Amino acid sequence: MDIFIQQLINGLVLGSIYALVALGYTMVYGILELINFAHGEVTMMGAMVALAVIGALMGVAPDLPGIVIVLGGVLVAVPVCMLLGFGIERLAYRPLRNAPRLAPLITAIGLSIVLQNVAMLIWGRQYIAFPPLLPQDSHALFGAHVSTLQLFIVALSIVVMLGLWFTVQKTRLGRAMRATAQSREVAALMGVNVNGVIAATFVIGSALAALAGVMVSAYYGLAHYYMGFLLGLKAFSAAVLGGIGNIAGAMLGGLLLGVIEALGAGYIGDLTGGFLGSNYQDVFAFFILILVLVFRPSGLLGERVASRA
Amino acid sequence: MLDFLRARPRLALILVAVLLAALPFLVGAGLGKSWVRVLDFALLYVMLALGLNIVVGYAGLLDLGYVAFYALGAYLYAWLASPHFGLHLPFWAVLPLGALLAGVFGVLLGAPTLRLRGDYLAIVTLGFGEIIRIFMNNLDAPINITNGPQGMNLIDPIAFGGFALSKTHKFFGFAVSNAHLYYYLFLAFVLVVMFVALRLQDSRIGRAWAAIREDEVAASAMGINTRNVKLLAFAMGATFGGLAGGLFAAFQGFISPESFGLMESIMILCMIVLGGMGHIPGVILGAVLLTVLPEALRYVGDWQRAMLGHVAVDPADLRMLLFGCALILMMLFRPEGLWPSRQRKRELHAADEVAEHESASVYDVRG
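Chains A and B, in that order, are what the protein sequence lines are.
For reference, each letter of the first sequence is one residue, going 1 to 309 in the numbering used here.
For reference, each letter of the second sequence is one residue, going 310 to 676 in the numbering used here.
Please keep in mind that the hints were generated in silico from the structure rather than gathered at the bench.
Owing to the predicted nature of the structure, the values given are computational and were not obtained by experimental measurement.
Accuracy of the hints is not assured; some may be wrong.
Said to hold, decoys possible - Covered, in the sense of this in silico footprint (three residues per stretch, anywhere, with C-beta under 8 Å from a C-beta of chain A), are these stretches of chain B: (1) 435-444; (2) 536-547; (3) 569-578; (4) 632-638.
Said to hold, decoys possible - Over the 10 Å line for every Cβ pair with chain B, so calculated as not near, a few chain A residues: (5) Leu96; (6) Arg101; (7) Leu102; (8) Thr107; (9) Val118; (10) Met120; (11) Leu121; (12) Pro135; (13) Thr167; (14) Val168; (15) Lys170; (16) Gln182; (17) Val192; (18) Val240; (19) Tyr280; (20) Leu293.
The beta carbon of each residue, even a glycine, is placed where N, CA and C say it ideally should be.
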């Protein structure tokens, strides 16, 4: 039972990170019906930039409290990624908005390769360690252990998601985003600056991705130029699970996927009599993705059936 | 010169045949032995690119896990013709089995996803490629099936009776090395695959694929069973992938999961996009270019050493970066590829005007 609760907690922590990344996929898809393949790489860039800044800050001002240094990293990484998201939309997606469907998908793949390799050229092939700046102490909860970092990740994700929810539901920009998602043409006729809204969507999604990137590298204590690929795939699976295009769905899907993955990795050994072990953890996301696409393509919270065009 | 040959197609054919037959010797003499192996790989990639071209170029389905089928073919060959399980079946039994296995997996994977939008297929195939790789990396315990990350070696070469292609043979006192022998074998396979691809293109099925690629709704209104026809394209591409995989295993004598990463899939896709989607000569050009260019990139390392005194940027690292840039730039500026079919070119350029007109219209319905 203790193991169950422990895995549940680990899953929720991981899931809240997935949810943040999934939001970026789902928002872009909701508006453009485009899978932004490069989104995972934006997450990676967030982590790498933050780590570079953290490393520099530790060299310049080693006496600063750890949290301030990490905050400094985040404060640089988020705007850098926002700019990156803006640039990606502007250079690679906007010129192809009326092109055949395959074209933006292929540029997206190209972009993600370019970002990966640029990161590799800058920071090298090796894993980069996240310095132990954040409090590592753990608390007992229902017989399981929760670290301060884990609590912090979940709390921050919830705050950010509430903020996004408020933005989308209550502000002028949010209303414009929802209108654009329903119909780009009609929204434009009503005076919505559609291009601006699309750019804003990319920028907001990238900011969330940067945060998630810092969180995931702090959580695992590592960052790597290739980390965005798997993270992006899983987050995309989470978005599909929740119902792609649906913001609440991305949050739900992310949390669920995290929990399924953690529990699956914890119990797969017992379930298969030791034939498969926890090294198959990464397979769950894809199985869930395929299962959802077979049985409920609209996802858990999606209303629209995925169109066939 | 070109006009002269165009008027005499039979002469041109003979010239091309002689050139292809002499190519490994010319390359071997001019550039060195290692380049003959590069030629072999180029032919292997031509096979793969032609297979993927059926899926991406003809039917317009983006398959990002194509290398998984390649891996299946290679591993099946290794299981059935290596000391790993002590089986040594002949290649003419193993290669079709590998192709069949890949085709079956293609159907299994395509069936649930092909009724959905194309983007989902891209993601699911991407995931499938990763799943296959994870399994191949980890299925060494508790039962050793794939030998994990170390891979499997001592795979049997292709042999006709006692005539193994892995050895150097003497013909009339003239030594012909294994790289040359595999060249002719692969060339024969490429010609067969090319023939099949060409005939498919102009068949009833080929036209159905083109119709689906251009407008799926209209195609299904014309009575095409879109799901089955797409499934056929997907399975056929997978079959070619499996076949190429078997040949790869026999040629290398060694396989490991490392050869079947996502980047390999992307590279094959690059070949098609760069050469010209759906156009066989273009696809062949793309495949040859992208196999030969990275080899030529090695000289960039020498050049750096000469200019800077050290290698600042590893040419191998540069390779993927250039591929990524090529994908983006091609899509933005020349979406039809380097050597497109005339029809495709016309379509894409006419489409610009139509698209402009459409986006100006308020009642335009897309999606």
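We went through each hint and held it up to the structure:
Remark: the region 435-444 of chain B is confirmed as covered by chain A, as 7 of its residues place a Cβ nearer than 8 Å to a Cβ of that chain, reaching the required three. Figure legend: the region 536-547 of chain B, annotated as covered by chain A; annotation inconsistent (0 residues with Cβ-Cβ distances under 8 Å, at least 3 required). Counting residues of the region 569-578 of chain B whose beta carbon lies closer than 8 Å to any beta carbon of chain A gives 4, which meets the minimum of three for the stated coverage. Counting residues of the region 632-638 of chain B whose C-beta sits closer than 8 Å to any C-beta of chain A gives 6, which meets the bar of three, so the coverage hint holds.
Distance check for A/Leu96 against chain B: the nearest CB is about 7 Å away, which does not clear 10 Å, and the non-interface claim fails. The claim that A/Arg101 is not at the interface with chain B is violated, since a C-beta of that chain comes within 10 Å of its own (minimum 6 Å). Distance check for A/Leu102 against chain B: the nearest CB is about 6 Å away, which does not clear 10 Å, and the non-interface claim fails. Here A/Thr107 does not stay apart from chain B, with its beta-carbon only about 5 Å from theirs, under the 10 Å limit.
The non-interface label for A/Val118 is inconsistent with chain B: the shortest C-beta to C-beta separation is roughly 7 Å, within 10 Å. Non-interface status of A/Met120 relative to chain B is broken: a Cβ of that chain comes within 10 Å, the nearest being about 6 Å off. With 10 Å as the threshold on Cβ separation, the claim that A/Leu121 sits away from chain B is violated: the shortest Cβ distance comes to roughly 6 Å. A cut-off of 10 Å between C-beta atoms confirms that A/Pro135 is not in contact with chain B; the least separation is 34 Å.
At the 10 Å boundary, the C-beta of A/Thr167 stays outside the reach of chain B, the nearest C-beta of that chain being 26 Å off. The beta carbon of A/Val168 is kept farther than 10 Å from every beta carbon of chain B, the shortest such distance being approximately 22 Å. No Cβ of chain B approaches the Cβ of A/Lys170 within 10 Å, the least distance being about 28 Å, so the stated non-interface status holds. A cut-off of 10 Å between C-beta atoms confirms that A/Gln182 is not in contact with chain B; the least separation is 12 Å.
With 10 Å as the threshold on Cβ separation, the claim that A/Val192 sits away from chain B holds: the shortest Cβ distance comes to roughly 14 Å. Not every C-beta of chain B lies more than 10 Å from that of A/Val240, the closest at about 8 Å, which undercuts listing it as non-interface. With a least CB separation of 7 Å from chain B, A/Tyr280 falls inside the 10 Å interface cut-off, contrary to its annotation. With 10 Å as the threshold on Cβ separation, the claim that A/Leu293 sits away from chain B is violated: the shortest Cβ distance comes to roughly 6 Å.
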